[in-house]
Amino acid sequence: MTEPQIPAQRGAPPLLEVRDLHVRFPVRRNLLGRTTMENHAVTGVDLALRPGETLALVGESGCGKTTLGRTIVGAQKATSGSVLFDGADLTAMNGRERAPYRRQIRMVFQDPFSSLNPRFTLRQIIGDPLVATGEARGSELEDRIAEMMRRVGLSPDYMDRYPHAFSGGQRQRVNIARALIVGPRLVVADEPVSALDVSVRAQILNLLRELQGEYGLTYLFISHDLSVVENLADRVAVMYFGRIVELADTADLYERPRHPYTEALMSAVPIPDPALRGRGGRILLPDELPDPTDPPPGCAFARRCRHAEEGRCDTGAIALERGPDSDAGHAVRCVRHEELDLQGIVGAES
Amino acid sequence: MSMKSAPVNDPEGVAPATGGEERRTRASQRTLVWWAFKKHRLALVSAWLLAGMLIVIALCEFVAPFGDRHRDSEYTTAPPQVLKLWDTDGPDGFQWGLHVDGYTSEQDPRSLRITYEPDPADRVEVGLFVKGEEYELFGLIPMDRHLIGPKDMDDPMYLFGTTTDGQDLLSQLVYATRVSASVGIIGVLVAFLLGIVLGAVSGYFGGVTDNAVQRVIELIMSVPSIPLWLGLAAALPPDMGPVARYFIITTILALVAWTGLAREVRGRFLALRSEEFVTSARLDGSSHGRIMFRHMLPSFSSHVIAALSLSIPGMILAETALSWLGMGLRAPAVSWGVQLQDASKWSVLSGAPWLLIPGLCVVLVVLAFNFVGDGLRDAADPYKH
Chain R
1 MTEPQIPAQR
11 GAPPLLEVRD
21 LHVRFPVRRN
31 LLGRTTMENH
41 AVTGVDLALR
51 PGETLALVGE
61 SGCGKTTLGR
71 TIVGAQKATS
81 GSVLFDGADL
91 TAMNGRERAP
101 YRRQIRMVFQ
111 DPFSSLNPRF
121 TLRQIIGDPL
131 VATGEARGSE
141 LEDRIAEMMR
151 RVGLSPDYMD
161 RYPHAFSGGQ
171 RQRVNIARAL
181 IVGPRLVVAD
191 EPVSALDVSV
201 RAQILNLLRE
211 LQGEYGLTYL
221 FISHDLSVVE
231 NLADRVAVMY
241 FGRIVELADT
251 ADLYERPRHP
261 YTEALMSAVP
271 IPDPALRGRG
281 GRILLPDELP
291 DPTDPPPGCA
301 FARRCRHAEE
311 GRCDTGAIAL
321 ERGPDSDAGH
331 AVRCVRHEEL
341 DLQGIVGAES
Chain H
351 MSMKSAPVND
361 PEGVAPATGG
371 EERRTRASQR
381 TLVWWAFKKH
391 RLALVSAWLL
401 AGMLIVIALC
411 EFVAPFGDRH
421 RDSEYTTAPP
431 QVLKLWDTDG
441 PDGFQWGLHV
451 DGYTSEQDPR
461 SLRITYEPDP
471 ADRVEVGLFV
481 KGEEYELFGL
491 IPMDRHLIGP
501 KDMDDPMYLF
511 GTTTDGQDLL
521 SQLVYATRVS
531 ASVGIIGVLV
541 AFLLGIVLGA
551 VSGYFGGVTD
561 NAVQRVIELI
571 MSVPSIPLWL
581 GLAAALPPDM
591 GPVARYFIIT
601 TILALVAWTG
611 LAREVRGRFL
621 ALRSEEFVTS
631 ARLDGSSHGR
641 IMFRHMLPSF
651 SSHVIAALSL
661 SIPGMILAET
671 ALSWLGMGLR
681 APAVSWGVQL
691 QDASKWSVLS
701 GAPWLLIPGL
711 CVVLVVLAFN
721 FVGDGLRDAA
731 DPYKH
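Protein chains in written order, with my numbering: chain R, 1 to 350; chain H, 351 to 735.
I should point out that these hints are in silico values taken from the structure, not numbers from a laboratory. Possibly wrong hints are sitting among the right ones.
Distance condition first, Cα-Cα at most 20 angstroms in a straight line; then the derived SDA-like pairs of lysine to any residue [stated by the list, open to error]:
id: 1; chain 1: R; residue 1: Lys77; chain 2: H; residue 2: Phe555
id: 2; chain 1: R; residue 1: Lys77; chain 2: H; residue 2: Thr629
id: 3; chain 1: R; residue 1: Lys77; chain 2: H; residue 2: Ser637
id: 4; chain 1: R; residue 1: Lys77; chain 2: H; residue 2: His638
id: 5; chain 1: H; residue 1: Lys389; chain 2: H; residue 2: Ile405
id: 6; chain 1: H; residue 1: Lys434; chain 2: H; residue 2: His420
id: 7; chain 1: H; residue 1: Lys434; chain 2: H; residue 2: Leu478
id: 8; chain 1: H; residue 1: Lys501; chain 2: H; residue 2: Phe479
id: 9; chain 1: R; residue 1: Lys77; chain 2: H; residue 2: Arg623
id: 10; chain 1: R; residue 1: Lys77; chain 2: H; residue 2: Gly556
id: 11; chain 1: H; residue 1: Lys481; chain 2: H; residue 2: His420
id: 12; chain 1: R; residue 1: Lys77; chain 2: H; residue 2: Lys501
id: 13; chain 1: R; residue 1: Lys77; chain 2: H; residue 2: Val558
Quick caveat: nothing in here was measured; it's all calculated off a predicted structure.
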């Protein structure tokens, strides 16, 4: 890509920091209204986003990545732990204290259909954050909407049309415009392209990248698809069963995954050139996810892992460890990570 | 990924739509509903009928030939007259002119009952915009013109006949329409205000709030409505003025009627609550009130309007039933129910079937509201095909 991009600043203090975040949903209550059964959606996640970087959050559906994203933007309450934005703890704030942060952290939704109010015109949808907070009205409002529409590649002529007149890709542009119109610093993009045709995907991804350079945005990019993430993300966090199991620079992770789950995800990425297809082949995972209301001891992945060892993997809590000193930025949650030699996507495309 | 080869700045242009498609893309929700509604013939006709009724309600004093206190003891239980445009057997042979035949009366020597027969020889001149009793239009403008009436205001002109008290049934019916229909409409509006607000709050916030509201609704719904109305109406002091009674009765009906709508609205809010556009409205910084009534309610406003017109008939029927039973409005107030009290005795009805005309009116208006409601309900979702 040729457009200017603000490089992720390694040494800078993190823009967003997630500390030991837990989100649990009550599943069953007893007569007294006490929760007797809970669904552990997010279990002790630690994460830091540097200003200007793109961190991809990857995992299969149900792993808690969307819940994590929603907790960061404030659409979901955290059970415990904290989310710090610019050093301020968002989870400790009430609605009013949090209000100024809503414009700094914005979300792009996954479903371009249900995320746009069918009864609103594009003008109303895109301008809503400005109207709701009383920030702009009249011609200023109109100008800002038109400007934003142009930035995301929509003609302002379509301002008074309803979403039903637009395609999925165009609707996603509307979504992006609405997220960016208040000038956020962090954008949580929850699978922004997974509902789109492959041909449209690249356009939206390119648009996101352009806008990142233009506005100096920091992205938390949630996806279940490693192939989408590869060209966009600076770092990738792999999530499994509510926990982060591996976190590394993108190139590093793709080249040398250290967690067997990451390896399994990698094996699912199609490689167009047969000559580059590695020795591994597709790794099919047996069994389904463990019961989220009753997490197993030890590694949550152990039951599906072909490298699991009895007595080592299924007891005690396993910490997210720094990798060997060769790559200090690489963290992994696996007791056997030093013994295993796992297969990445070497040279698949770079 | 083929991302690098993809055009970077392709606005993915919307092909400018042409003709009908262009109209559809720019049409607002309201316009789309109207287009769909127009296709429903019966509903459209009913809508015109109701529009006519609204005009009659508004211009009640002007439309009625006589005032609501008018009473002609000379003609009690007189049959309807036929409005005629010309006259062939008058003194001068054929003659143009709007008129009705006057009455001749005959007293039965045994029962002493007086019966009236139209008398072609007695010509009563009828005119449009004639001078009649004085009134104030909208309570403001003093007038004495009536849409139709006898040219001499002391002549009898009873197009729908008279009641047992000698009141003009047509005039009474016009005034009763105002009372009954407005009880229905105002009552439903009050009920809807309650229903929408409580239903919205219940469905949107859920949890304890929802539980509390739903239990209250179940409590109200579990009480049979007729005894409840009767009980509440019987508690009213008998010496209450007709206007106060009118408002209290309306309120009683509304307090019982809001529950159904509240349930419906709650269900819609529950379903919409998890839509992402609601989450995004919250993240946009909208207040709860703004989300509920600006973002969510419009999604089904046409359904609400349909439900509204479907519940007006229930309200009208309730008022009619209550008044007919003598627990609702009472004379001198006139409503359809009060009028039908007259027709509740077979001995009276057998001699004066025209006293059932108010019942016909109830049926017509109730059907019209139902058809309009059906039409609206079908048109309510213009996006389904």
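Checklist line | Those earlier numbered hints the structure runs against, lowest number first | finding: Checked against the structure, the hints that fail are numbers 5, 6, 12, while the rest are satisfied.
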